[in-house]
Amino acid sequence: MNVLTEMKNYNTDMVQEQDEGTDQDYTKYLKQTNQNIELDKFKESIAESKKLTQELILKFGRKYEKDMITKYQNSVNNNSLVVQNDDLIINLNFADDLNVSSLTVNNCKNVKFVKVPVKVTSLAVNDCNITNINGIEAINQLQIIEFTNNPLTTIKPIYSLTSIISIKINNTKITNIAGIEAMNQLTHVDLRNNAIILIEPLKHLTNLKQIRIDNNFVQDLEYLANQDWVCEQKVPTDANLQAYLTDTNSSLSLEVFKTQIAPKKAKSDQLIAPLLVKYDSEMPNKYKNEVHYNKLEVFSDTGIKDIKFMDKISVECLILNKCTSFSFRRAPTQLLYLTLNDCDITDLEGLQQFQQLKKFELIKNTNMQSIKQVYSLTNLLSLTVNDTTITNLVGIESLSKLQYIDLRDNCIVSVEPVKSLQNLKQVLIDNNFIQDMEHLTNTQNYSSDWIYYQKEATDDDLTRYIADTNQNLSLQELKASFEAKKRRTAELIRNYPAAYDAKMKAKYQNQVTQSSYGPRLMITNDQEIRDVSFVQELGVTHLNLIGCQNAHVLRAPVNLRCLCPHTSTLKTMKGVERISGLEYLYLNDDQIVELNIRGLQKLKTLFVRNNKIKDLSPSEYLKAKGCSCYTDGQKQPTQEEIDEARLW
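The sequence shown begins at 19 in our numbering and counts up one residue at a time.
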């Protein structure tokens with residue numbers, strides 16, 4: 019290690035813990051380097067270097083911990099810390115000095131468990147390219163653990179952590195869970211989207227309250243016979259079964275193993291059928307009285323597993339919020355509009371069955387990495403994918419009927435597939451890593467007002483994009499190919515939203531008045547007004563828009579407390595649901611058909627008189643929360659108006 023310290027062309031912060039070399043390692047090294055020296059003499063010769071190495075490790079380990087403490091000390095909230103997109107994160111022990119009990123690490127590609135935070139009771143490490151978790155057993159106070167989107171092949175080190183009550187291991191390469199039976203305090207187990215073959219060890223866990231094992235290769239579901247729901251499984255190939263035999267060091271041949279598990283698979287199939295019948299008969303009764311005008315919105319129901327039963331209660335428009343057990347296993351034939359908000363969706367396998375969909379929304383499913391399965395939704399007119407980790411739009415080019423796309427707040431690098439979509443009317447794609455914005459400017463069917471700010475892509479973001487799209491090129495080649503496009507993109511972003519915002523701020527900064535309620539701005543008959551997010555920088559909390567026919571709140575100014583748009587032609591208020599602090603909303607005498615307001619928990623007063631809203635159930639929900647709602651005088655919307663509103 020001392021050789022490295024003499025080199026000045028790189029940063030020595032990389033000095034970390036080293037494995038202890040064995041005699042076998044040293045002998046192998048001497049052989050490979052053709053050195054004619056005895057093993058004992060070689061060990062003596064490196065003793066001083068080894069001592070210096072340990073001193074370096076200690077020195078830089080202390081520097082690393084100090085740097086991390088300084089970096090994150092102001093990010094701790096109620097003993098919780100979330101770290102994202104930081105490839106300088108290596109060891110996690112600095113969390114102890116910050117008194118962190120709940121630690122979440124997302125997309126930090128160099129994380130190791132050499133030094134661990136022993137005081138942490140809840141640990142989530144997601145999308146960090148973790149291949150092994152050796153060392154985690156030292157965190158002996160852990161109660162909750164989560165690993166999602168990591169290429170793990172084994173989770174054996176956690177089996178000694180007998181205080182754990184909840185584990186979530188999704189989207190890994192593990193094939194077996196032998197050893198989990200020692201974790202007798204477990205109450206919640208989530209093992210979706212792995213390669214697990216047998217789950218017999220689970221039968222020994224007597225405290226279990228919930229098991230999620232969807233989308234594995236499980237052949238012995240009879241051990242879950244006492245569960246309310248036993249999911250269907252993928253069919254394992256011979257390669258999957260052989261991987262299990264290898265991972266478990268089994269001496270069985272593949273053919274013998276297949277013969278042994280065949281009866282288990284038959285029992286599992288027999289078990290699934292009656293449970294599906296029971297589920298399909300109970301769920302319609304649960305929700306039939308909550309359907310309004312063929313629309314149903316559900317909050318926090320983990321009992322919803324699939325939605326085939328929606329046909330029995332004539333649901334065409336379905337919104338699921340925090341329904342974290344949902345799967346695409348079986349599709350209802352009548353469903354046309356589907357929204358999945360914060361449902362912990364990790365992949366879209368099975369979405370191909372939903373070919374009748376006109377609108378699909380996927381919001382705040384932060385572990386979603388690919389939407390390639392949307393290619394089959396050829397009738398789709400509106401697509402929303404927000405707050406995920408997707409890097410590309412492969413598959414979207416087949417959606418020739420698409421009119422509306424909202425792809426804000428992802429990790430998208432290239433939008434090239436969008437250039438072939440000739441029916442687009444509205445595109446929202448700000449807060450991504452886009453390098454090739456000119457692909458969108460070539461399409462003349464929609465306005466360029468959508469061109470908004472982008473995040474700066476790191477080398478890691480671009481590397482993940484290459485892997486996700488299976489491109490045979492190096493990082494340097496990709497960056498070179500994007501260089502001219504990136505300059506053009508920067509120019510577009512600079513010319514459109516920045517110029518618009520600057521113009522509007524200059525135009526109205528002297529018209530903000532101080533009222534007893536707060537800073538107020540009234541804008542009258544200004545057809546240049548489109549996006550109103552510029553009022554955020556003016557400090558406006560009360561906004562009146564009168565006769566501004568082109569105004570919208572798609573990029574919502576989140577500090578607003580009062581919003582009063584009066585246009586007489588307003589059809590949609592998409593985006594208003596993001597103004598979480600809104601207290602007063604006045605929407606009288608317009609053409610609004612659908613209004614998403616249920617999430618506005620601080621709303622005190624709502625006026626929507628004389629519109630075309632058929633489904634007023636969201637306002638009834640707000641009334642129950644203490645909001646004063648004035649909804650009389652609704653006109654009858656046409657079916658065409660209803661369809662258009664739902665697409666927005």
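Please note: incorrect hints may appear among the correct ones.
[Unchecked claim] In silico SDA-like links for lysine to any residue, alpha-carbon gap of 20 Å or less:
(1) K589 <-> N577
(2) K221 <-> Q278
(3) K137 <-> T171
(4) K390 <-> F451
(5) K285 <-> E308
(6) K521 <-> L496
(7) K227 <-> T171
(8) K382 <-> K174
(9) K641 <-> N303
(10) K376 <-> T342
(11) K340 <-> Q373
(12) K61 <-> Q42
(13) K589 <-> P655
(14) K306 <-> I290
(15) K473 <-> K221
(16) K61 <-> D41
(17) K313 <-> Q278
(18) K313 <-> D105
(19) K313 <-> K630
(20) K296 <-> K330
(21) K326 <-> F275
(22) K130 <-> N95
(23) K340 <-> K296
(24) K304 <-> L289
(25) K382 <-> H310
(26) K653 <-> T587
(27) K137 <-> S178
(28) K376 <-> S268
(29) K330 <-> D360
(30) K641 <-> T587
(31) K589 <-> Y604
(32) K390 <-> S416
(33) K174 <-> T320
(34) K221 <-> S178
(35) K89 <-> L106
(36) K589 <-> K641
[Said to hold, decoys possible] Label pairs and their computed distance ranges (CB to CB):
(37) Y639 <-> D477: 29 to 35 Å
(38) E415 <-> G599: 44 to 50 Å
(39) Q159 <-> D329: 44 to 50 Å
(40) Q159 <-> Q373: 48 to 54 Å
The set of hints was computed from the structure by calculation and includes no laboratory data.
Where a beta carbon is used, it is the ideal one built from N, C-alpha and C, also for glycine.
inquiry  = Please list, smallest to largest, the hint numbers that this structure does not respect.
reply    = 1, 3, 5, 6, 7, 8, 9, 10, 11, 14, 15, 17, 18, 21, 22, 23, 24, 25, 28, 29, 30, 33, 36, 37, 38
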